[in-house]
Amino acid sequence: MSLVITGASLLGERTGDLYVDDAGRLVDEAPAGAETIDADGLVALPGLVDLHTHLREPGREDAETVLTGSQAAALGGYTAILAMANTSPVTDTAEAATRVWELGREAGLVHVQPVGAVTRGLGGEELAELGLMHRSRAGVTVFSDDGRCVHDARVMRRALEYVKAFGGVVSQHSQDPSLAGPTACCHEGELSGRLGLPGWPGIAEEVIVARDVMLARHTGSRVHVAHVSTAGSVEVLRWAKAQAKEDGHWDVTAEVTPHHLLLTTDLLSGYDPTFKVNPPLRPQEDVDALRAALADGTIDAVATDHAPHARHDKEHAFVDAAFGMVGLETALGVVRTALPDLSWSDVARVMSVTPARIAGLAEQGRPLAPGSPAHVVLVDPAASVTVDRDASASLSRNNPWHGRGLTSRVVHTVYAGRVTVRDGDLT
Amino acid sequence: MKHLLSIDDLSTDEIAQLFETAADMHDVQSREVKKLPALRGRTVVNMFFEDSTRTRSSFEIAGKWLSADVINVSAKGSSTSKGESLRDTVLTVCAMGVDGLVIRHPASGAALQVSEWVDASVVNAGDGMHEHPTQALLDAYTLQRHLGSLEGRHVAIIGDLTHSRVFRSNVQCLTKLGARVTVVAPPTLMPSGIGPWSAAAGFETSYDVDAVLPEADAVMMLRVQRERMSGAFFPSPREYTVGYGLTRNRLALLKPDVPICHPGPMNRGLEIAADAADAAQSVVLEQVSSGLAIRMAVLYHLLAGEEA
Chain F
1 MSLVITGASL LGERTGDLYV DDAGRLVDEA PAGAETIDAD GLVALPGLVD
51 LHTHLREPGR EDAETVLTGS QAAALGGYTA ILAMANTSPV TDTAEAATRV
101 WELGREAGLV HVQPVGAVTR GLGGEELAEL GLMHRSRAGV TVFSDDGRCV
151 HDARVMRRAL EYVKAFGGVV SQHSQDPSLA GPTACCHEGE LSGRLGLPGW
201 PGIAEEVIVA RDVMLARHTG SRVHVAHVST AGSVEVLRWA KAQAKEDGHW
251 DVTAEVTPHH LLLTTDLLSG YDPTFKVNPP LRPQEDVDAL RAALADGTID
301 AVATDHAPHA RHDKEHAFVD AAFGMVGLET ALGVVRTALP DLSWSDVARV
351 MSVTPARIAG LAEQGRPLAP GSPAHVVLVD PAASVTVDRD ASASLSRNNP
401 WHGRGLTSRV VHTVYAGRVT VRDGDLT
Chain B
1 MKHLLSIDDL STDEIAQLFE TAADMHDVQS REVKKLPALR GRTVVNMFFE
51 DSTRTRSSFE IAGKWLSADV INVSAKGSST SKGESLRDTV LTVCAMGVDG
101 LVIRHPASGA ALQVSEWVDA SVVNAGDGMH EHPTQALLDA YTLQRHLGSL
151 EGRHVAIIGD LTHSRVFRSN VQCLTKLGAR VTVVAPPTLM PSGIGPWSAA
201 AGFETSYDVD AVLPEADAVM MLRVQRERMS GAFFPSPREY TVGYGLTRNR
251 LALLKPDVPI CHPGPMNRGL EIAADAADAA QSVVLEQVSS GLAIRMAVLY
301 HLLAGEEA
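So the sequences go chain by chain: F and B. Here full-length UniProt numbering is used: the first sequence runs in plain steps of one and ends on residue 427. Here full-length UniProt numbering is used: the second sequence runs in plain steps of one and ends on residue 308.
Just chain B, with the same shape it has in the complex:
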């Protein structure tokens, strides 16, 4: 594995290996001394072209616990606004001797393009509306810890699918692991061509949250940005909540102990009610610690090399 750009790059065996490593890394988190020497002498650059707190810190801590030298480069607006091409920007940074480049970019496909220009291993930490593979891995890893094998289990993904890289990575990852996936959104927040796509990729679509929730073995809520109203995607936050939010009433539709995920940051009261976010079956905070373990596993597999 040279890069991690898309869930599509991973075989089920590779996913299983990553999860195995992540479980080991998870144990490390509970130790008093958390540092492993695995990536000593390796340099990881977090290059973030858009704001992010949780993903950037997660990669930073993951790299540091593996003893890599981690440098954060906030590249927001730095390339096009100064007239420098993306290629020049990343080549400049990589010329400093970088082993791993963790990249977050507002444009879909940016991580793939960058991987074709640089020698370093590239990790896609979110490219536009396209993919966020480590998020999908940590989500599936978290769900496996609760449900065991995901084979045949039914996962509902609910929210703004059109603009969501979390959805695009998750639907691939979960179907790869044998889960049955139903995605739910109003028609205006479903990606174009989802009909033929879902048929080819083997997942289901629905406009009806109340019909899907009682059958779900896990629920994954996606963030809905209030700004979307300006694009006439839905009439009002209130109407969205009534139609598609995980409200207190809908919580009662779920089978007992069904895990509730959210990639964060949550819009409490919009797509998820406080009762759901803070419910005993909510795994939102566990996702964060799983995220560290998964990112440690990814960096380890990409950078530790044969001798490790």
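Chain F on its own, in the form it takes in the complex:
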């Protein structure tokens, strides 16, 4: 189905029309008999790419499936998502990766790119079959034990070395388990002291980030730091990026979640597990440093860490409740709200172009120009939306944004020339 999108503001910079042919590519002339989308007043961006999504299938289909997660992603303006490996069974074989990839193709709403586990069963000891996952039809290039840190320096070193053979990257959940154990759930500071909640100090993240950038330099490999949450990590990254640029043979990239850009530790004072997330919400000083780092490129990308959970897994005492919050449908609005001065081309950079490059997705994050695949999101920049957790495509309701006002709204999403979201609804 060919498509004509008229009057959109391309990256918020100039008004133009976009033409999509039957093959789902952008072309330079309007195809005959095309459906027309009037995009007057809307901003067009390349479809968003999420480096960090939890889809829960296989294993916890009551919390999310590849289909419902894809729907939530499309509603959020995404055309590609990376599905984390901590499912049951874990994505640590070519077969498991291929299965997730196939489920994504069947859903057909976004490109679902499996992330492979770094270690077998996320056990942190033996390498998973990284090469076989890469050679599979899923073509895995990003590896992560997310939810757990690859804390053994020897294992991390070997993983970084091994993935060099096929241009892979290790995405690290930076949490030194001896400084922030499994019960750590509140930023360590005055509030954790008052509330009597086990502290999760920023240093537990920073020592791993510091170690990993040195390992990446030593091995000449690529490390990606997942969900950076502290000002200290930003300082390390700033230094490391300058070094990597100078050296030229290694690389470090980093992502930040929308919630770490807007929500702060004090939300935990009522012990509401909706706000329990890993790494934990941090104080305003960290939030400010993360915003600045995203704007100046020290942090490369925004990644949702969309972590759906069944209601009963959040209805425990705070320490016992599951970590995580949903975020696919709200990510763009949160970024616009947290960083209202970020230009639309910078939004495209941190939410589409750079994440696509980090994940090695050649068809994603392309310029809105003839020849590119037609992955497009059209955003109403002036809209203000009050989030309703019950109006979500996700199966889960652990939504920290419920009742909050966010700036801008995803109106239409086009994935490979197909309209997946029209006027804010799934087609």
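In case anyone wonders, no lab produced these hints; they're calculated from the structure. Fair warning: there could be bad hints in the mix.
[Stated by the list, open to error] Residues from chain B shown here face chain F by an in silico Cβ test under 10 Å; the list is partial: (1) Ala-107; (2) Val-114; (3) Gln-144.
[As the list claims (entries may be wrong)] Quick list of the computed label-pair ranges, beta carbon to beta carbon: (4) F:Glu-363 with B:Thr-188: 46 to 56 Å; (5) B:Ser-74 with F:Leu-267: 31 to 41 Å; (6) F:Arg-404 with B:Ser-230: 38 to 48 Å; (7) F:Gly-121 with B:Ala-274: 45 to 55 Å.
Ideal Cβ placement from N, Cα and C applies to all residues, glycine included.
Chain B: place on chain F using the hints.
Okay, now just chain B, sitting in the frame of chain F:
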């Protein structure tokens, strides 16, 4: 007063009222027939998600002396291990028609969360490292009986502050009542952020027991768990005792008749020497009888209703 979850929920007037009622209840304890009819027909459930002998029995006796029907539910490990959520566990119990739910849980914040789910009045009998409000009330009540008003009196709280709900409730209660509070612990057993917290809340911190003891009008020792050594909180029990224990020698630093409290169970020889625990000025056993009076007062105020 619908629930008692935190000392923070109480005004000084409410604390004074509770103490007044507790004094009446205290008198009842010396009678031959101890039962009052105040809570006849009311049901109180003691729901304990972690082991406790003294607090559970204290609430049980307090409820029974007020003629409530008291049921103990040992819920230890019952929720998460069976896969049931805490919400389902408490809703199930409350569906049986419960007026008062006394809850002890190893997780901080559990009592507050439960109060948002159930219709019953909830009493926090200890939530993780967070609070133990009836303990703080009984401590302050006991000290008032010895010192009169606590206004301007200096209370030293010494021990494992990080892991102590007794400390967190006491520091609020005592400062509310006008006392000057100094908390003493090695740096590793001080809660994170205690600097800004103490500045905002108006209490003092120290690493030096010997400097604090001579100025104290009351001393409150906290239990130190030997298991804490595995977390590298301090090198050895011996070193803890030498640095922070209320030893026989330190007893001599105290002004005469300064009351010594301990919430129990005591680690004799670790944080408190037998000479201190059994000293004439020790109020440890009196704390137990005060505890009954305070818990009777709390149950009475929460459950007796307007007509009482």
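Status of the hints after comparison with the structure:
1. The criterion of a C-beta within 10 Å of any C-beta in chain F is met by Ala-107 (chain B), whose closest approach is roughly 3 Å, and the hint holds.
2. Annotation: interface hint on Val-114 (chain B) holds; nearest CB of chain F at approximately 9 Å, less than 10 Å.
3. For Gln-144 (chain B), the suggested interface contact is broken, since its CB lies about 25 Å from the closest CB of chain F, more than 10 Å.
4. At roughly 54 Å, the beta-carbon separation of Glu-363 (chain F) and Thr-188 (chain B) lies within the given 46 to 56 Å, and the hint holds.
5. For Ser-74 (chain B) and Leu-267 (chain F), the Cβ-Cβ distance of about 34 Å falls inside the hinted range of 31 to 41 Å, so the restraint holds.
6. About 42 Å separates the C-beta atoms of Arg-404 (chain F) and Ser-230 (chain B), a value consistent with the hinted range of 38 to 48 Å.
7. Separated by about 52 Å at the C-beta atoms, Gly-121 (chain F) and Ala-274 (chain B) satisfy the suggested range of 45 to 55 Å.
Of the numbered hints given earlier, the model fails hint 3 alone.
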